[in-house]
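Sequences listed follow chains A and B, in order.
With the working numbering applied, the first sequence corresponds to residues 1 to 428, in that order.
With the working numbering applied, the second sequence corresponds to residues 1001 to 1264, in that order.
Mixed in with the good hints, there may be bad ones.
[Stated by the list, open to error] Derived lysine to aspartate or glutamate pairs resembling DMTMM-like cross-links, with alpha carbons at most 25 Å apart:
hint : chain 1 : residue 1 : chain 2 : residue 2
1    : A       : 120       : B       : 1052
2    : B       : 1055      : A       : 9
3    : B       : 1116      : A       : 9
[As the list claims (entries may be wrong)] Here are the in silico distance ranges between beta carbons for each label pair:
hint : chain 1 : residue 1 : chain 2 : residue 2 : range
4    : B       : 1115      : A       : 85        : 28 to 38 Å
5    : B       : 1082      : A       : 252       : 31 to 41 Å
6    : A       : 31        : B       : 1054      : 26 to 36 Å
7    : A       : 174       : B       : 1192      : 42 to 52 Å
8    : B       : 1122      : A       : 364       : 33 to 43 Å
9    : B       : 1054      : A       : 368       : 44 to 54 Å
10   : B       : 1228      : A       : 181       : 45 to 55 Å
11   : A       : 201       : B       : 1122      : 40 to 50 Å
Everything labelled a hint here was simulated from the structure, so no lab data went into it.
Where a beta carbon is used, it is the ideal one built from N, C-alpha and C, also for glycine.
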Amino acid sequence: MAEKTVSVDVLARVEGDGGIQVYTKDGKVDKVLVNIFEGPRMIEALVRGKTIHENLSLVARICAICTVSHRYASAKAIEKALNVEVTEKIKLLRHLWHFAEYIESHVLHVYYLTLPDFFKQPSAIALLPTHTDTVIEAVELKKYGTELMKLLHGRKIHGENAIIGGFGKLPTDEELDYFVEKAIEYKERLSKFLDVFASLEIPDYCERETVFMCCNPPNNEFGFEGESILISTGEEYPVEEYKKLTNERVVSHSYAKRSKYNDKPFTVGALARLLLIGDRLTGEAKEKFDAIYNERWKVNPLYNNHAQLIETLWCFEQIPDLIAKIKDLPDPEVVEVTQLDGIASAAVEAPRGILYHTYDIKDGKMVNADIITPTAQFLDDVEEYIRTAAEKLLAENHPETELQLEMIARAYDPCISCSCHMVKLVRQ
Amino acid sequence: MWQREKKPIVGVFGFSGCAGDQLAILHMEDELVDFFTSADIKFFHMAQSHQEVPKVDIAVVEGSINTDKQLKELEEIREMADVVVAIGTCACYGGIQYLGENQEEFNERMQYVYGKDGVVPEFSDLVGQPNAAKPISDFIKVDYAIPGCPISKENFIPIYAKLISGLYPQKYPYPVCVECKYEGNDCFLLHGKFCLGPVTAAGCRAVCPSFDVSCVGCFGTYEGANYPSLYDKLKEIGLTEEDVTRKLKMFGGDAVEKILKGEE
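Isolated chain B, as found in the complex:
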């Protein structure tokens, strides 16, 4: 880890996604000026014109990778950065468009969206050749991952502030349920209603249950989650195994895929 002697050079980069994690940074209105002045932000295409430098101390990367052009750019970012931070569920797990190794499904979706008369047109190398969407960690070493769809200020700032200060951040080692208790919410599951809180990583301050809507799992999986217990509970309240798997996969991407295959 580099030591803070001068302002660290930071690059914010985006790949396939809704740009919600970069926008979440721009939406931190109270901290916005501090964000842009506490570090030397060289790359942030969404907010500023290009300022090319050969090296950055910290690369903050949003989005999943699904073209060969993006993969090449991602590898260049890893090459130029000391620390790579994945932000958002797309970069961390692949996001809602995650397809991993499922080439068959990828081909079918390309056909459904871009195909005409059974043929998917060729795309120019100007935009890159398409691939099934995967998280950035499938291709490069990721030093820190901050999930969320989108990331929350409460999750991002403590980690980012430590990084630009040359300190080591820590993980959020608990599920949404813990934050739900802090917020004083009633439990959906105890009332026989669907919720993914017990298996979802915290950091959102249990925002959805606080609005009386169930957790949809948008921060991805919590590592210590008890999946068999969640399946049992949700089946008990009337969901099928297929329903639960589909809901877990909505935001869970590769992490859920590995868990369901018993790899982790």
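Looking at chain A on its own, in the form it has when it is part of the complex:
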């Protein structure tokens, strides 16, 4: 059998610019490359010499979809380094702010970017004539997320209101009340959609075992941040030892760096979180997870979509109580920064996985920065899943090989701008 290439030149419906190349030799898959051709922006280099406040504005611009996670991780690391202790109200408001991003990002990913694949359509908008109510629902649910982000940080993307030590302006009780009412309504609608989504047939071409990692949230609760990292091997590491977990390296076919743990690729994101700490879920999210979970979740990244929907449901369920707690607490002043030097690492779970920010600060300015994004961590694993699937798809001469491979990459919800940045289909 001659050598051939399956090429997805530009991967569509993901954030940023990447592609997939599968090279075959003697009928077997020889090499799989997920190319990242979003140009290098070198954010870690450009924040050097900037003030801590300037750093916050700059690192949020790494990615528009996870702008909250970047700003949050950065504020956490800087505050840790400089011993800034924010009040309970600010911590809770930051959770609400982060939940808003989860709703925005997960709804965008599952409804807008993933759903069209199951109906063989190019976009969510193309589903409008046949699935009108679902598309309108997608728009409304996402709007909930973006409007809540706007309330808390000033605009839907890159708001400047979340600052070191607190928020420039705090939301009023009346502004928050709107989001309580809507959360209850949207939880019901999402729950119905989850049932429909769970009934879709999930292809099994890519199935293989891997390693999962996520933050270990405090108090044995479910959540999106923590001071240590849980691994599916049973190990746990403090966030400060992140380099042992990521072992970043540069590859020639990607401006996003790559990670391996114990020389093995691994997965982060919603699927990893549910597999590792899903037993900590509560309420309807827990009931739904128990109802739709099956053993294939451990070997098939396409279930990341289901995991994202469960998390979205969980966020909608948490918001009414969270807002009630926020309203009960007095409005704090922004905490002044008095210490000028320090080093610290912090991790938050971006919607697509663990996000590490580490800074060395001197005289209130950034001396060194190290930022490791989820996409930089899971790209090696995406390549391995694509390799497994490509071998089966090519062996049976599947008519939709490219689409099946793209679906794997898309399921990870890669943020290519984050990782530094996928589809014209050409078979050579």
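Got chain A sorted already, so can you dock chain B onto it with the hints?
Chain B alone, transformed into the frame defined by chain A:
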């Protein structure tokens, strides 16, 4: 300018940046269906699979250019489009990663981020060879520029709606301060606090000052800005000249660079 007889064909393209301007379009939930139905959107990789056509009436381009692969694609877009609209501060001015002709700084940053043992690895032609980030106008003729980090709905829709209707849009000829007055905000500078509002292009409806945080200049420079006066004021409240320049350069890219060199 083409005349509206049928729906115009539009392509939305992205280069190096955070994809925030394309996302800002997807985040216009109330106008989203109208956006996708009022024109024939053929390219928008972030939101839809590929629909290749040889020509578009309007190309909407986000992001800065920093690989030779991107430059080639940008030139192809200019070739296939009647009208090119730059969206966002990256496409308009180079954005936060702007390096212009500063090859030395570019080499140092590549070393800092990708280097190992003093050597920056070679990158494959599959992803293109890296260059210092520049705005798209450094390489092709840009017909309209809509800055913002990210663009605002209030700024984008009036210009885009005119373009798809075959009409000529107008610029925003005033700084953030004007919008700040409309919003009824108190002035940071008058209270001895830092703000870049007087030298920053409007279009955001003064969102940050409205949240009681200073303008960081993310929409880039306002053309009629009085820079010497801003330097004087900020120095008066305790910033050094170096501080002011660093803050102006954060989002100002090539426009600020030219102004500081006295070219414009």
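Hint check results:
For the hint pairing residue 120 (chain A) with residue 1052 (chain B), the CA-to-CA distance comes to about 17 Å; that is within 25 Å, so the pair holds. Among the hinted pairs, residue 1055 (chain B) with residue 9 (chain A) is consistent with the structure: their alpha-carbon atoms are about 20 Å apart, no more than 25 Å. Restraint check for residue 1116 (chain B) and residue 9 (chain A): not satisfied, since their Cα atoms lie roughly 29 Å apart, outside the 25 Å limit. Between residue 1115 (chain B) and residue 85 (chain A) the beta carbons are some 37 Å apart, a value that agrees with the proposed interval 28 to 38 Å.
Between residue 1082 (chain B) and residue 252 (chain A) the beta carbon distance is about 38 Å. The supplied range of 31 to 41 Å therefore holds. Checked against the given bound of 26 to 36 Å, the beta carbons of residue 31 (chain A) and residue 1054 (chain B), roughly 33 Å apart, stay inside it. Against the hinted window of 42 to 52 Å, the Cβ-Cβ separation of residue 174 (chain A) and residue 1192 (chain B) comes to about 32 Å, which falls outside the hint. For the pair residue 1122 (chain B) and residue 364 (chain A), the beta carbons lie near 38 Å from each other, so the given range of 33 to 43 Å is met.
Distance hint for residue 1054 (chain B) and residue 368 (chain A): a CB-CB separation of about 48 Å, consistent with the stated range 44 to 54 Å. Our hint of 45 to 55 Å for residue 1228 (chain B) and residue 181 (chain A) holds, since their Cβ atoms are close to 52 Å apart. Look at residue 201 (chain A) against residue 1122 (chain B): about 43 Å separates their beta carbons, and that is inside 40 to 50 Å.
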